[in-house]
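Participant: Protein sequence lines, in the order shown, are assigned to chains Y, D, R, H, V and E. When the letters of the first sequence are read in order and numbered with the working numbering, they come out as residues 991 to 1316. When the letters of the second sequence are read in order and numbered with the working numbering, they come out as residues 991 to 1316. When the letters of the third sequence are read in order and numbered with the working numbering, they come out as residues 991 to 1316. When the letters of the fourth sequence are read in order and numbered with the working numbering, they come out as residues 991 to 1316. When the letters of the fifth sequence are read in order and numbered with the working numbering, they come out as residues 991 to 1316. When the letters of the sixth sequence are read in order and numbered with the working numbering, they come out as residues 991 to 1316.
It cannot be assumed that every hint is accurate.
In this list, chains with the same sequence are indistinguishable; a pair is considered to hold if it fits within one copy or across any two.
Cut-off 25 Å, straight-line C-alpha distance, at most; resulting in silico cross-link-like pairs (SDA-like, lysine to any residue) [what the hints assert, rightly or not]:
1. Lys1141 to Asn1226
2. Lys1155 to Asp1302
3. Lys1208 to Tyr1030
4. Lys1208 to Pro1189
These are computed hints drawn from the structure, not numbers from a lab.
There are 6 protein chains.
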Amino acid sequence: MRLETPGYSTLAQENQLKYSFSGSGVNVLSALSRFGHEAYLISALPDNALGEAAVANLRKLGLSTRHIMRSGQYVGMYFLEKGFGARASKVTYTDRLGSSFNTASFGDEQLAAAVAEVDVLHFCGITLAMNDQVRSHMLHLAREAKRQGRKIVFDCNYRPTLWGKDGYERAKSHYEQLLQLADVVMMNEKDAMLVLGMPTAALEREQQLKELLPAVAKQYDIQTIAGTHRRINGDNTHSLKGYIFSKERLIMGREHSFSVHDRVGAGDAYASGIIDGLLRGLPLEQVVEFAAAAARLAHTIQGDTPLSTREDIEKAVHNETGDVER
Amino acid sequence: MRLETPGYSTLAQENQLKYSFSGSGVNVLSALSRFGHEAYLISALPDNALGEAAVANLRKLGLSTRHIMRSGQYVGMYFLEKGFGARASKVTYTDRLGSSFNTASFGDEQLAAAVAEVDVLHFCGITLAMNDQVRSHMLHLAREAKRQGRKIVFDCNYRPTLWGKDGYERAKSHYEQLLQLADVVMMNEKDAMLVLGMPTAALEREQQLKELLPAVAKQYDIQTIAGTHRRINGDNTHSLKGYIFSKERLIMGREHSFSVHDRVGAGDAYASGIIDGLLRGLPLEQVVEFAAAAARLAHTIQGDTPLSTREDIEKAVHNETGDVER
Amino acid sequence: MRLETPGYSTLAQENQLKYSFSGSGVNVLSALSRFGHEAYLISALPDNALGEAAVANLRKLGLSTRHIMRSGQYVGMYFLEKGFGARASKVTYTDRLGSSFNTASFGDEQLAAAVAEVDVLHFCGITLAMNDQVRSHMLHLAREAKRQGRKIVFDCNYRPTLWGKDGYERAKSHYEQLLQLADVVMMNEKDAMLVLGMPTAALEREQQLKELLPAVAKQYDIQTIAGTHRRINGDNTHSLKGYIFSKERLIMGREHSFSVHDRVGAGDAYASGIIDGLLRGLPLEQVVEFAAAAARLAHTIQGDTPLSTREDIEKAVHNETGDVER
Amino acid sequence: MRLETPGYSTLAQENQLKYSFSGSGVNVLSALSRFGHEAYLISALPDNALGEAAVANLRKLGLSTRHIMRSGQYVGMYFLEKGFGARASKVTYTDRLGSSFNTASFGDEQLAAAVAEVDVLHFCGITLAMNDQVRSHMLHLAREAKRQGRKIVFDCNYRPTLWGKDGYERAKSHYEQLLQLADVVMMNEKDAMLVLGMPTAALEREQQLKELLPAVAKQYDIQTIAGTHRRINGDNTHSLKGYIFSKERLIMGREHSFSVHDRVGAGDAYASGIIDGLLRGLPLEQVVEFAAAAARLAHTIQGDTPLSTREDIEKAVHNETGDVER
Amino acid sequence: MRLETPGYSTLAQENQLKYSFSGSGVNVLSALSRFGHEAYLISALPDNALGEAAVANLRKLGLSTRHIMRSGQYVGMYFLEKGFGARASKVTYTDRLGSSFNTASFGDEQLAAAVAEVDVLHFCGITLAMNDQVRSHMLHLAREAKRQGRKIVFDCNYRPTLWGKDGYERAKSHYEQLLQLADVVMMNEKDAMLVLGMPTAALEREQQLKELLPAVAKQYDIQTIAGTHRRINGDNTHSLKGYIFSKERLIMGREHSFSVHDRVGAGDAYASGIIDGLLRGLPLEQVVEFAAAAARLAHTIQGDTPLSTREDIEKAVHNETGDVER
Amino acid sequence: MRLETPGYSTLAQENQLKYSFSGSGVNVLSALSRFGHEAYLISALPDNALGEAAVANLRKLGLSTRHIMRSGQYVGMYFLEKGFGARASKVTYTDRLGSSFNTASFGDEQLAAAVAEVDVLHFCGITLAMNDQVRSHMLHLAREAKRQGRKIVFDCNYRPTLWGKDGYERAKSHYEQLLQLADVVMMNEKDAMLVLGMPTAALEREQQLKELLPAVAKQYDIQTIAGTHRRINGDNTHSLKGYIFSKERLIMGREHSFSVHDRVGAGDAYASGIIDGLLRGLPLEQVVEFAAAAARLAHTIQGDTPLSTREDIEKAVHNETGDVER
C-alpha cells in the first residue's frame, strides 16, 4: 500500500494522503495484463477492510486474485513524499515483520496448482529479503515451476536497507539459489560485483557489464540477462538506456532523456517489457527498445503501476512527445 | 463541458474530475471580453441542471448569454486526461449528436437581431463539422452578417476525427462557402492543401505558406489570413511562431519556446489576439506578436479559456518570465 | 457512469465531481458477488479511456467482465446533485441513444455461452425501455435461459421519464413477455395497475398488494414476487417495509425507519437480498427481512452500489445502530 | 467573500478553505434573479485579482455588475467554521474599515442613473452600520429613489457587534431616516423595542409583534412589514414561521420544522420571497408562505446565496421532503 | 496516527485519506492544554518523516514534546471508516508490535525528571495492554509519581481485542497494581465485574455502579472514581450521563441526547473535564456536568482530539444548540 | 496568513484555497529551529479563531509562541496565485492597517524580558514599512538588544509597494537607524544605491557590490553583509549565487541553476543559513554555500517556510538532484 502526500508536500505539512496498492510483482503483472496476458498474483492479504481494499484494487488493475490467501492481519505500507529537484523523494516504510505476506503459510499443493496455471513465474529480490519462511516459499515455488517446465524470471532488485548490515554476504546464497533456477534475470553490474562478489578490473559501468554478464550467465546457466543504466541530469531529467545479454551477445539500447513525473515502478515496467518481448519472440534489439520505452512511459504515469498498452509503447519507441490526441 | 482528471492521472486511476465550460467560440469570446469588448455567444443549452451550470459559467467568463436558446436536452462534453512528456494528453468525446446545440432551431429574425448587435462575427470550423442543420444556420448567419455589413472571422480548425472518412472532400464545399464570406481567416498551409486541394511544389512548411496564402486570399477574396506554426521539442517545450498575410504581405513573427501547462485553447487565444489587434488598427507586425503572446500565455493558464488582459499580453510580448508580482 | 457534485452542492455551484460506474445490473451483481456468488455482466462498453475506466471499476466491484463487449463509442452517464431535506436530489441524464450498450449487437452463440455459465439471470425494466434492439437481445437471452433451465429474475423498475408519453401502453407488451418467462419478479401494486392495467377496488397500498400480487402471479405463472413499500417522513427519515409473495402467501416484513446517506441503489440491494435468500432456501420470513436489511444498509453506503456482506446484513437485521467497531 | 473550512472542522484543524462571494444584497438579488427579475448590485470592488474574482462570481450568480465601481484596494471577508449540534457555527470577520465598499465615493448622477433603471431598491441594515460616508450614500440613494417613484425595501438586520457599545442609541436616528422612506420593511419585535425604543407590556414574542408592528407602520408610514420567528430545537432542527403586516392585518404563517445544512442567507431568501410575492400581487397569505418556503429551502443550499426557482419554492410550500427526481 | 476515509466511504471505495495524530493520552493532554494547563507527553516516536509529522502535530495541539524520545522505527496507526446509521464505524489497526512506543527504553532518571515537572500524571489502560516493557515503564513511573507526591489518574479503558483470549484474567493483576497507586480512576461497573472480578447481584447498570464503586474505592484505596453511561438510540442519537464517586457519595449527572459527528475521543474529553474540575476544586455536581458537557462537545468535533475551551464547555453545560456566532 | 489557489489557477477560476501561516520572521525562525536552535517570535495575534489557528501552526513549525501577545482583531493576509512560465505569480494583500501586529502595544519590560532569553535578534525591513508604532517598537527592541549584548541581524527586504511614493527617501532614516545597530545585514547593491543613496560608477551588478558593500560596512559599522544575486532564465529555471562580505573580504559563491516549485521564502532561507553558519563559526566560504543551498532547497518546498535540516542542506551543497531515498 502506497500512501502519498499531495503535490510536493511533506507529511509534516499536510493532512491528506492518496493511496494505492502496488509492489514489484503487482506492477509487473499489471503491465503484462495490459499486454493481454492473464496475470495471477501469489500473495496473502488480511481478511479486514484494508485487505478488502487491496483485493478490490488488484482486481481493478487486471490481476486475478484467485491465488491470494486471506490470512494474517496486516498489509505492508510505505509513505511517499515526492521530492522536487535537489530535494529527493522520500520513502518511509511501516513495520512489515508481521504482515500477512510475511506470516502466510502456503501449502505445497496450493503452490503446485498455481504453477500449473501459468507459463512464466516472476520472482523479486525484494521479497527474498523478507524472512526465512518467505524465502522457503519462493524456493519451493521456483523448484515446482522448474519441475513443471515453466519459465522463471528473477529480478534481483537488491535493496540495501532491507538486508541491513553485512547484507551482501547474507544475501548471496539466497540469490544464487534463485539464479540457478532462473531463465531470465534482471540485473546490473553492481549486483554481480556486490551480491555475487564477482571481480572486474573495469572502472566504467558499461565495460563492467560487458565483462560480468557473460560470466554470470555462464556460472548460473542463465539464458537471458537484462537491465537498465540510469543517469540523473542536472536539469532534473533522467537518461535511461536498456541492455540485454543473450546467446553471447550484449545489446545496448539507445539512451533517451526525459522528464520524470513518478519515478517508482519504472524498473518493473522495464521487466514487463522484456518478458512480453521475449514471449512474443521479438528480435533482441526490439525487445530492449520496447522495454526501455515501457520504462520511459512508466515515469510519466501517476503511481507505481505501469498502465501502458503495447500500442502506447510502440508509439513511444519512436516519438518522445506528442500533441493532444483528440 | 470539459471534464478533467486530477494532475496527470487517467480516468481508470481516479474517481474525481474538475469541470468547466468552454469551446472554441467561448474561448475567443472570453478573451475578447477581457480586452474590453462585449461578447455574445449564439448557441443552445438545455433547460436543466447542466444547462444552468453552463449558462452561469459563461456569464462568469464575461459572455452575454442573451442569445443562448434554452432548448434540447444535452450538452456536448469531453473528458481530458492530461499527458506528461512522451505520454500525450487524451481527449474522449461524449455523444454530441443529440446535443442542444446540434438540435436547436434558430429563427431567422432571432439571428438577424443577434447580428444587429455586433461588429464582428466569429465562425469556427469545428461547428461546421456537426450536421446540415448547424451548417445551414451558420451560412444563414454569415450571409445576414454580410448583408448588415459586419466583419466575419472564420477559423478553419479542421478536425479529422469529426469529418471522418473522405472528410476533406466532404468538407471542401462547406469551407468554401464560408471562406467566400469571410474577411479574416485563421488557416495554415495544410488547410489550403488538404481541405481546399490547392497544389504546391514547396516541401517546407514556411515555403508552402508563402505560396499558398496569396492564392487562397485571391481565390476567395479574403482580406487577412493568419495562423501559427508549432513545433514540439524533445524537452517537452513547444515553439510557436505567428504569421499574418494581408495586402500582399506575409509577416512571420518571432519564434518563442516555452513550457506548457495547458495546451487546449491556445489557438483560440491567438485568434482573439488577431481580432483585437485588427480592430485596434495596430500595425500587422504588432498584431502578430500580440496574438502570439496571447497564445503563449494561454498555454500557462489552467483550462481551455484564455484569461489574460491586454496588459498581461503586452508584458509577455517583451519578457518570457517574471518573478513574483507583489 | 455516475458523476456527483460534492456534498449538497449543485452543478452550477461547483467545479468538481466524483465519478463511479454503476447501474441496476451492476448493483445487483456487485451485491451478489459480496455474498460469494460469481457475477457476470452482459453489456457493452467502448474501447476508449472511458470504457477502460468502466471495465476496471467493474472488476474492482467483483464482477467478471468476460461477457462485456468492447464496441461502440459512448457510455451512458448521469449527473447527481444530492439534495437535503425539502430540496430533492436531482438526476440529469446524458444522451444514451448512441451508447455502446444501446448500439451493441450480440451474437446468438455469445448469449447462449453466457447463459451456460450461470444459474440465475437478472433482467431490469430500465434496459427494457431503451430500444427495440436491446429489447430483442433481452428477449432472446431470456428464452435461451428458459431453454437451458436457468432461473430468471425480472425487476420491473418502471421509469416514467424513459418511456415517455403513453408509456404504460407502449411498455405493457414488453413487460408481459418478460413476466411470462420470469421465475422471480420485483414489482409493486403500481406496476400491476399502471403497466399491466390490472384493476383493483382497494384504495390502500397494502390492500392493493394483497389483491393484485396473486392475480399477477397466476396470470403470468410467476413463482415469487417481491418488493418494498417506502414512506418518506417529515424528519427526513425514510421508512421501509419489504414483502414477498410465494405459494399463495403474502408476507409483509417489519417496517424500519432510518436516516438516508445515499438513496440510489437501495432497490437493487433489496433484489440482491431476495435472490440470495431464495438461492439459499431460507424461509420466506427470513428472506424478506434479509433483503430489507440489505436495502437499509444500502442507504448508508456512498454510491449506487451495495457493498455489504452477509454478516453485515445479518447484524443489521437485528440492530439499528452500533458503536464504533474496534 | 466567505471563506469556509471543510465539513465541521475549525481553522486550527485544517489547511483548506472554500470561498464564495455573497452578502445580504447579493443574496437577495441572486434570489430575485432566479425568479426572473433583472438584478443590479450597487457596490465597489478593487481592481485586483480578488475584485476580479468577485465580479466574475457575481456575474455567475446572475447579477448585473454594471453599477459596481472598481476602486479601492480591499474586499470585506469573513471566515466560517460550521458548527455541529451544541457547537455553534462561528464567524470571524476581517478588517472592513478600508474595504472598497467602505471607501468608495459614488457620484450623484451615477446613483440617479442606477435608480432610473430599476423598480425596487433594497437597503440593508448591515451596510448602515459601516460609516458616515456609506450612510450618506444610502440616504442619498433612498431619497433619489423616492423622487423617481421607486419602491424601497429596507431590511433592518441589526447586528450588535457592528454597532458596538451604545449601539442601539447610535443606530436609532439612522434607522429612522430609512424607515421613513421605506415601503416594505423586514423587521421583528426586537428591532422595534431595542433600536426604535418602542414600549410594550407584552412578554411573549408573538404578542409583542401584534402590538408593535401596527405602531411602527403608523409612526413611520410603512406599507408592509414582514419577518420571521425562529426556534432552535433540542434535536438540532430549526422551526420557522413567517409573518407579514399590511393594511392593519398581521398574518402569521404556518410553523415548519426542518434540518439545517447552511444557516447563513436564510433571512435574505425570506426577503426575496416577500419582494417577489408583493411584486406579483399575490394574496398576503400566499406571500408569507412563499417567502417562508424560500427561507426553508435556503437552509438546504450550500453557501449564503439562495438558488431556488419559483417552481422549487412552490413545491416546498406543499411538501417537506421528496424522493430523488429522475 | 489516525487515517480516515472521506465522508462515509470505505477504504475499498476511495483513494484518499485524512490523517491526524492522536491517542488517549494525546487527547486528554490536548484538552487540558486548552484549559490552560501545561501538558507533557511521555512517549517515543521514530526519527523519520512520520515521526517528524507526529511531533509537529503534537506541538500544534499544544503539547510539550520535550519528553518524547526519538527512537525506534514505527508509529502505531489505525484506519477509520466512518459509518452511518445502521452501518457502524470500523477501525482497522496496523501492526503495533514494533512501534517506537512499544520498543522504547526509558531511563529511570529520565522518568523521574519528567515526574518532577508535573502535578498530575495520567495513565491509560490501552497502553497497559501493550507488552511487559511498557507495563514495567508505567509501573515505574507511577511509583516514582507516588514517591514525589504527584496525583495519579488512571483510565481503565479496557479493550477486549487488545488483551485477546483470557484477557480479563491476564489483565487483572496489572490493573490492580495501578489501581492501588491511583488517586482518580475512570471506570465503570463492567471493569469492576469483568476485570476485577467483583460480584454483584444487581442487574441494572446504575444499580451495579452503586454497589461496586464503593467496594472498588475501598479495596484499592481510591479517592475518586468517575465515568459515563452511554445509550445509542434508534434515531442515531446518543444519550450520555456522567457519574462520579467520592467520599462515599455517588453523583449521577443529567442525561443528554445529541447527534454525533465524531465518536472517537469522547471518553478522553470526559476524563479531561474530571481532571480539570477536580484541580479547580469545583463541587462534584459541577465537575460531573462540566466533564459530561466536554464529552458531548467532543462528539461534535472532527477527529479524536477535544478542542473546546472552558468557556465553550460552560456554555454547553446550559444550552444544547446555538445559532451562528457572528 | 497565506491563502493560495490550487495548482496554477487564478482566484477567479477556483473556489478553494490552501492556507498556511508564514512571514519573513516566521520563515527565518522556523529554519533556525530545524537547525536545532530555540526560536521565539515576538508578535501579536488576535484572540479569535484565526489567531488560534495561527498560534497552533506557529507551534507546529517549531516556534515558541511565548512572546506572542493576544491582542487586536485582525491577521495580515495575502492571496497567492501561482504563475507558470511567462505568467508571473501574483500576490494580493488584504488590509494590514488594523492588524493585531500593527496595533499591538508592547511594554518595555516585556521586550527586555524577550531579549534576555535569546542570543540573536532578527529584524526585517518589511515590518519597518508598517507604521510609526511598529518602527518605534523595533528600535526600542534593537537598542535593548545592544544594551544586553545580543547580536542583531537586519534583513533590508525593501518592498517598494509598501513604502509607496517617495519611498526611498521616507525609508532612508529608518533603515539607517537599524543599520547602525546591526551586526549582520542582508542587503544588495540596490539597497545601497536606492535606499541609502550611495553612489557608484559601476554598471554591472557584481562590480557595484564590490564597491558598495565595503562602503556600507564602514559607514554603519557593520561586521557582516550578505545577500544573493538571482537571474531568471528563459527556460523557467532560476540561477542563484550567494555572497558575503566580512573583514574586508567579499566572497562570491558558486552559481547554481534549478527549477522552482515555490519561490516565496527563499530569501529567508538564505538568511537562516547565514545566521546558522556564522553562529557555528564556519569559514565564510562554507557559510555562503550552506546558505545558498538552503535557499535552493527552499525553492523546492511547498509554502513560504523552509523545512530543511542541516543534513538536507549539506547534501544539497554537493549534489543537485537525487534518486528516491528508500
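Participant: So which hints don't hold here, by number, going up?
Facilitator: Violated hints: 1 and 3; rest satisfied.
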